[in-house]
Every structure is written in C-alpha cells, then in structure tokens.
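Trainee: What follows is the residue order along each chain.
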Amino acid sequence: MSEAQFSSGGPTFQSQARIKFYCDEDRCIDCHGCDVACKEAHHLPVGINRRRVITLNDGIQGKEKSLSIACMHCSDAPCAKVCPVDCFYIRADGIVLHDKKTCIGCGYCLYACPFGAPQFPKSDVFGSRGAMDKCTFCAGGPEETHSEEEFKLYGQNRIAEGKVPVCAAMCSTKALLAGSGEEVSAIIRHRAITRGSGTPKIPYTWSKAYGE
Amino acid sequence: MRTYLYVFFFFLLSTFGLAQNIKEPVDFSQNTHIYGVKQIEQIKNWGINSPTSGVVSGNVMEMQGGSINPSMSGKPLEGIESLRGLGELFTLLQNKVFAPIFLAIIILVPLAFLTHLMIFKSKRFSHGISYKVFSTYNIAIHWLSAVPFVVICITGLIMVFGDKLGGGTFVRLARDLHGISTIAFAIFGPLMFLMWVKASLPKIYDLKWLLMLGGYLTKGRTISTPIPSGQFNAGMKMWFWTCTVGGFIMIFTGAILYFQLSSINALRLSAIIHNCLGFAIIALLITHIYMSVFAIEGALNAMVDGTMGEEELAILHSYYYKELQEGGKLEKMRVGKPHHH
Chain R
38 MSEAQFSSGG PTFQSQARIK FYCDEDRCID CHGCDVACKE AHHLPVGINR RRVITLNDGI
98 QGKEKSLSIA CMHCSDAPCA KVCPVDCFYI RADGIVLHDK KTCIGCGYCL YACPFGAPQF
158 PKSDVFGSRG AMDKCTFCAG GPEETHSEEE FKLYGQNRIA EGKVPVCAAM CSTKALLAGS
218 GEEVSAIIRH RAITRGSGTP KIPYTWSKAY GE
Chain F
132 MRTYLYVFFF FLLSTFGLAQ NIKEPVDFSQ NTHIYGVKQI EQIKNWGINS PTSGVVSGNV
192 MEMQGGSINP SMSGKPLEGI ESLRGLGELF TLLQNKVFAP IFLAIIILVP LAFLTHLMIF
252 KSKRFSHGIS YKVFSTYNIA IHWLSAVPFV VICITGLIMV FGDKLGGGTF VRLARDLHGI
312 STIAFAIFGP LMFLMWVKAS LPKIYDLKWL LMLGGYLTKG RTISTPIPSG QFNAGMKMWF
372 WTCTVGGFIM IFTGAILYFQ LSSINALRLS AIIHNCLGFA IIALLITHIY MSVFAIEGAL
432 NAMVDGTMGE EELAILHSYY YKELQEGGKL EKMRVGKPHH H
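Chains R and F, in that order, give the protein sequences. Each step along the first sequence adds one to the number in the numbering used here, with nothing skipped, and position 111 is 148. Each step along the second sequence adds one to the number in the numbering used here, with nothing skipped, and position 114 is 245.
No lab work stands behind these hints: they were computed from the structure. Warning: the hint list may mix true and false statements.
Simulated pairs of lysine to aspartate or glutamate, EDC-like, Cα-Cα distance not exceeding 20 Å [claimed, not checked]:
| no. | chain 1 | residue 1 | chain 2 | residue 2 |
| --- | --- | --- | --- | --- |
| 1 | F | LYS295 | R | ASP136 |
| 2 | F | LYS227 | R | GLU77 |
| 3 | R | LYS137 | F | ASP307 |
| 4 | F | LYS350 | F | GLU442 |
| 5 | F | LYS263 | F | GLU441 |
| 6 | F | LYS460 | F | GLU442 |
| 7 | F | LYS334 | F | GLU457 |
| 8 | F | LYS227 | R | GLU180 |
| 9 | R | LYS118 | F | GLU219 |
| 10 | R | LYS100 | R | GLU62 |
| 11 | R | LYS137 | R | GLU185 |
| 12 | R | LYS118 | F | ASP294 |
| 13 | R | LYS200 | R | GLU77 |
| 14 | F | LYS295 | R | ASP123 |
| 15 | F | LYS463 | F | GLU442 |
| 16 | R | LYS138 | F | GLU219 |
| 17 | R | LYS159 | F | ASP307 |
| 18 | F | LYS227 | F | ASP307 |
| 19 | R | LYS102 | R | ASP136 |
| 20 | R | LYS137 | F | ASP294 |
| 21 | R | LYS102 | R | ASP67 |
| 22 | R | LYS159 | R | GLU181 |
| 23 | R | LYS137 | R | GLU181 |
| 24 | R | LYS138 | R | GLU180 |
| 25 | R | LYS138 | F | ASP294 |
Given only the sequences and the hints, what does the whole structure look like? Please build it.
Mentor: In structure tokens form, the structure reads like this:
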C-alpha cells in the first residue's frame with residue numbers, strides 16, 4: 038500500500054485505517070498504569086517492558102515531563118529496514134509486526150529504533166539473547182489468530198476482537214491515545230483548541246514515526 | 132488539642148528539614164539496570180539533526196544536553212554519547228550498504244583471482260631440497276586460530292545474508308557458532324600474534340614488494356628474479372595485522388554487541404566498525420586462501436609439515452633466505468628427504 042494513500046487529500050478509507058499512537062505529555066501523570074496493564078495483559082516475563090513510562094529532565098524544576106513510549110509502528114519502520122533476516126512485516130493498517138520464529142536476536146532493530154522499542158529476553162543457557170519482543174499494538178502475530186501459540190509468543194490479539202490496545206484503553210487521564218490516524222489527530226486538535234493553544238504542535242515522536 | 136497536634140507536626144517536619152540540611156549532598160547513584168534508566172538511554176542520538184533523542188527533542192523541551200540520568204539531567208553529552216545521528220547512519224548503512232558490499236567481495240575477489248590464475252598460472256618451484264621453516268608449534272597455533280577464524284567468517288556471512296537463507300533455526304545456529312568460535316580464536320589468536328609479531332614488523336623492502344605486487348604479475352609457470360621479502364612478504368604482513376589486531380577489534384566490538392554492554396550509541400558504532408572491518412577480513416581471507424592453495428603449487432606444505440623447497444624460499448623469501456644463510460642457520464633447517472607430491 039503506497040504512502041500517498043495514507044497522507045494525501047481528505048479522509049479516505051485507507052487513511053482512516055492507518056493506526057497511530059500518541060502520548061500527550063501535558064496529561065501523562067507518570068502513573069505507570071499503561072506499562073503494568075501491558076505486562077499483565079500479555080504475561081510478559083521479568084525484564085521485558087513493551088511499554089515504558091519515562092521521565093525526562095528528572096529533578097529539573099518545572100521541566101520534568103513524563104511520557105509513555107513503546108513501538109510507534111512507524112510508517113517507514115527503520116527496524117524492518119535493518120533486519121538481516123527480514124522477519125518484519127507491516128500490515129495494511131500500519132501495524133508493524135515480526136515473526137519470532139525467524140528472528141535471530143541480533144539486536145540490529147534496537148540500534149535502528151528511535152524509540153528503543155525492541156526488547157531482548159535472555160533466553161537460553163548461554164545467557165544469549167532470545168527472539169526480539171516488542172509492542173504488537175495488541176494485534177498478536179503471524180500465528181493463527183487467538184491460537185495458544187500466538188498468545189504464548191505475542192500476547193493477546195485485541196485488535197481481532199475489535200478493541201483498542203490495552204495500554205490506551207486503561208489510561209486514566211487519556212494521555213495515551215491509540216487508534217486511526219484521523220481519529221487521534223481530531224482528538225489532539227480538539228484538545229489544543231479547548232486549551233486555547235491554537236494549532237497543536239506536532240510532537241517529535243509523531244513526526245519521526247509517521248513522517249508528518 | 133488540635134493546636135498541639137499541628138505544633139507536633141511542625142516540629143516533626145522541621146526535623147526532617149534540618150536532617151536534610153545536615154546530610155551530605157543527595158546521593159543520586161543508582162542501579163542503572165533497573166526499569167527506566169537503561170531504556171531511556173536507548174532513545175538518544177537517532178537522527179542526523181537531533182542533538183539528543185527522538186523523544187527529547189521538540190517533544191518536551193529543547194535541550195542542549197541530553198543526559199537523562201537524574202544525577203546529570205540536562206548536562207551536555209560528551210564523547211561517544213554526543214555523536215549525532217548514529218542511529219540514522221546505522222539504519223542507512225545496514226539497509227543499503229553492508230550486505231551489497233559483502234556480496235560484491237565474495238563474488239568479485241574470487242573472480243579476480245580466477246582471472247589471475249587463468250592468465251598468470253599457478254607458480255611452480257622445484258622441490259629438490261627443502262627446509263623446515265615452521266615449527267610444529269607454529270603450525271598448531273596457526274590451525275587452532277585458523278579453523279575458528281574461518282568458522283567465524285562463514286557464520287558471519289550467513290548472518291549477513293540471513294534473509295536469503297530464511298532466518299530461523301539455521302541462522303540462529305550460525306549466530307551461536309559465531310560466538311562460540313570466537314572463544315577459541317580469543318585464546319589462540321593472541322598466541323599467534325605473539326609468535327609472529329616480530330617477523331611481521333614492516334620493513335623498507337616491503338614497499339618494493341608492494342610496488343611489484345610480489346611478482347605475482349609475472350607470466351609463465353615460475354618466477355626467476357628474487358622477490359624482496361623476509362620470512363613474511365608485505366602481503367602476508369598485511370594479512371597478519373588485519374587478522375590479529377583487526378580480529379581483536381572484532382572480538383571487542385562483537386562482545387559489546389553480543390552482551391549489549393554499552394549505551395545505544397556505542398552499540399551502533401560497534402556494529403558499524405564490526406561490519407566495515409568485516410569487509411577487509413573477508414577479502415583478505417579469500418586472498419590468503421588463494422595464495423596458499425592455488426597461486427603457488429605446494430605452498431600449503433609450509434603449514435602442513437612446515438617445509439618449503441629451496442627455490443621457493445630463495446625466490447619468494449629472498450631476504451629471509453640470505454639472512455639464514457649468513458647466520459649459518461640454513462643447514463640446520465634442512466630436511467633429509469626431498470619433498471614429493
């Protein structure tokens with residue numbers, strides 16, 4: 038599916054279907070609800086954090102900001118570009134997924150990722166890295182939908198059930214938004230107008246991930 | 132009663148306040164492996180134009196620095212941490228450059244040597260009298276380093292072309308072998324370095340060797356003019372330094388990558404160095420195998436039983452031959468029976 042279908046002109050079916058994450062740093066209260074929910078929903082092992090709440094400028098008065106980040110499901114995903122075994126695939130709706138059975142755990146996707154999303158469990162006896170693990174937008178993986186195998190490797194498939202990712206669903210201040218690009222943009226615009234800040238500033242995470 | 136309670140709390144709080152004042156400066160040292168810090172590290176220095184991370188820049192506040200550890204928040208980054216754009220650079224190189232260069236090397240280098248072999252033919256030297264030029268220790272250390280080294284090179288290439296090989300178990304096995312063989316090379320490589328470092332120091336006559344390409348552009352089945360070379364010629368010396376010192380750099384950068392020992396920007400730099408040095412190592416390994424197995428008939432014997440024919444020694448290692456002759460060592464190295472094929 039070409040880039041133009043997502044980015045140009047008015048709302049089309051395709052552009053509505055492209056999913057995006059957005060974290061409103063003016064609303065995030067550092068409660069860690071999203072990452073705990075993610076860990077719980079997907080039964081993630083110790084040491085694996087698909088979503089993290091990070092605090093920047095820690096200890097600098099008035100400049101401290103918290104922000105929830107995970108895989109942003111970039112439209113031009115750098116991880117997929119550098120993977121030596123080509124284990125990534127990008128769904129028509131923009132969700133970036135990978136095949137853990139193909140992944141060799143080399144770590145290159147982590148070096149390419151602007152968001153530090155790829156996680157590596159220490160899996161085998163030699164303490165070497167297992168297959169990479171990252172946020173799936175709660176969309177499971179290449180295994181059969183809702184199969185035991187899919188849950189074991191990738192966690193829940195809430196998208197197949199018509200639900201939003203669990204992190205955004207439970208966010209108490211609705212700082213974290215997940216959904217179609219059009220809908221998320223509309224909410225950001227509405228918030229900016231309501232706050233009286235006029236046109237919303239485009240966050241770097243957003244432009245880095247989605248190229249707008 | 133309530134007033135007393137307020138007074139009590141007032142004193143209690145002031146005690147905490149005083150205690151804070153008396154204390155040493157707040158200790159921010161912490162476990163960097165706990166959730167958070169290490170992962171914030173990973174969002175730094177991505178774009179060519181972003182001074183810090185994709186997340187810090189523009190999204191929250193513009194900072195000159197980018198350190199995010201509580202103890203030095205906002206301070207300018209230094210050293211490798213401050214190198215901008217390594218994330219974007221790594222992505223570009225790994226996406227477009229590394230694999231095609233490896234492919235070009237493993238196709239073009241053997242093709243060039245095949246052409247060389249067809250035009251200039253394999254060189255032949257008479258094997259009348261032979262001399263034992265390498266000891267059993269030399270030969271043992273050479274092969275104990277060489278076997279894991281070749282395994283490392285092949286498994287490395289399997290990973291580079293992992294997508295063509297389908298990934299999964301096979302390529303994962305190659306990755307594990309890549310690491311395990313490194314342990315063997317890390318033991319015998321340094322022994323090989325110590326064994327041959329003196330003979331591999333550059334000499335003035337190495338320049339002459341390089342200018343005439345070691346006589347390998349001589350037509351016909353033999354070379355008659357003595358080539359300026361010691362025990363090792365300039366080409367062998369180049370290979371020596373690449374596979375030992377280069378090899379040690381590969382071990383170092385590889386260990387950083389394998390154990391993810393450093394910050395994200397150092398990991399990116401390590402991956403870039405590891406691949407670029409890989410080009411030189413693969414190209415020179417192919418050269419080394421061609422020279423020892425195909426370019427000169429029987430040259431491999433020097434690394435099998437340690438012997439070399441007199442003519443080959445006198446022509447291809449003329450300075451070494453002269454040096455042995457003048458030192459009176461040559462006769463002792465003479466092997467009783469002439470070597471047969």
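Trainee: None of the hints should be skipped; say for each whether it holds.
Mentor: Going down the list of hints, with the structure as the test:
1. Only pairs whose Cα atoms come within 20 Å are accepted, and LYS295 of chain F paired with ASP136 of chain R is accepted, the gap being roughly 15 Å.
2. Restraint check for LYS227 of chain F and GLU77 of chain R: not satisfied, since their Cα atoms lie roughly 39 Å apart, outside the 20 Å limit.
3. A distance of roughly 17 Å separates the Cα atoms of LYS137 of chain R and ASP307 of chain F; the hinted pair therefore holds under the 20 Å criterion.
4. Pair hint LYS350 of chain F plus GLU442 of chain F holds up; C-alpha atoms about 18 Å apart against a cutoff of 20 Å.
5. Of the pairs offered as hints, the one joining LYS263 of chain F and GLU441 of chain F holds, with about 10 Å between alpha carbons and a cut-off of 20 Å not exceeded.
6. With a C-alpha separation of about 17 Å, the suggested pairing of LYS460 of chain F with GLU442 of chain F holds against the 20 Å cut-off.
7. Taking the CA atoms of LYS334 of chain F and GLU457 of chain F, the gap is near 19 Å; set against the 20 Å cutoff, the hint holds.
8. Taking the CA atoms of LYS227 of chain F and GLU180 of chain R, the gap is about 30 Å. The hint is violated against a cut of 20 Å.
9. Using a Cα cut-off of 20 Å, the hinted pair LYS118 of chain R and GLU219 of chain F holds, with the two alpha carbons roughly 11 Å apart.
10. For a cut-off of 20 Å, the pair hint linking LYS100 of chain R to GLU62 of chain R stands: about 11 Å separates their Cα positions.
11. Taking the CA atoms of LYS137 of chain R and GLU185 of chain R, the gap is about 15 Å. The hint holds against a cut of 20 Å.
12. The straight-line distance between the Cα atoms of LYS118 of chain R and ASP294 of chain F is roughly 12 Å, inside the 20 Å bound, and the hint therefore holds.
13. Using a Cα cut-off of 20 Å, the hinted pair LYS200 of chain R and GLU77 of chain R holds, with the two alpha carbons roughly 16 Å apart.
14. Distance check on the hinted pair: LYS295 of chain F and ASP123 of chain R sit about 9 Å apart at the alpha-carbon level, within 20 Å; holds.
15. Between the alpha carbons of LYS463 of chain F and GLU442 of chain F the distance comes to roughly 17 Å, so the proposed pair stays at or under 20 Å and holds.
16. The hinted pair formed by LYS138 of chain R and GLU219 of chain F fails the criterion: a straight-line CA distance of about 27 Å is larger than 20 Å.
17. Between the alpha carbons of LYS159 of chain R and ASP307 of chain F the distance comes to roughly 14 Å, so the proposed pair stays at or under 20 Å and holds.
18. For the given pair, LYS227 of chain F sits about 26 Å from ASP307 of chain F by alpha-carbon distance, which is inconsistent with the 20 Å threshold.
19. Taking the CA atoms of LYS102 of chain R and ASP136 of chain R, the gap is about 34 Å. The hint is violated against a cut of 20 Å.
20. At roughly 14 Å between alpha-carbon atoms, LYS137 of chain R and ASP294 of chain F fall within 20 Å of each other, so this suggested pair holds.
21. For the hint pairing LYS102 of chain R with ASP67 of chain R, the CA-to-CA distance comes to about 9 Å; that is within 20 Å, so the pair holds.
22. As the CA atoms of LYS159 of chain R and GLU181 of chain R are separated by approximately 26 Å, the hinted pair breaks the 20 Å bound.
23. Pair hint LYS137 of chain R plus GLU181 of chain R holds up; C-alpha atoms about 14 Å apart against a cutoff of 20 Å.
24. At most 20 Å may separate the alpha-carbon atoms for a hinted pair to count; LYS138 of chain R and GLU180 of chain R meet this at roughly 10 Å.
25. With a C-alpha separation of about 13 Å, the suggested pairing of LYS138 of chain R with ASP294 of chain F holds against the 20 Å cut-off.
Of the numbered hints given earlier, the model fails hints 2, 8, 16, 18, 19, 22; all others are met.
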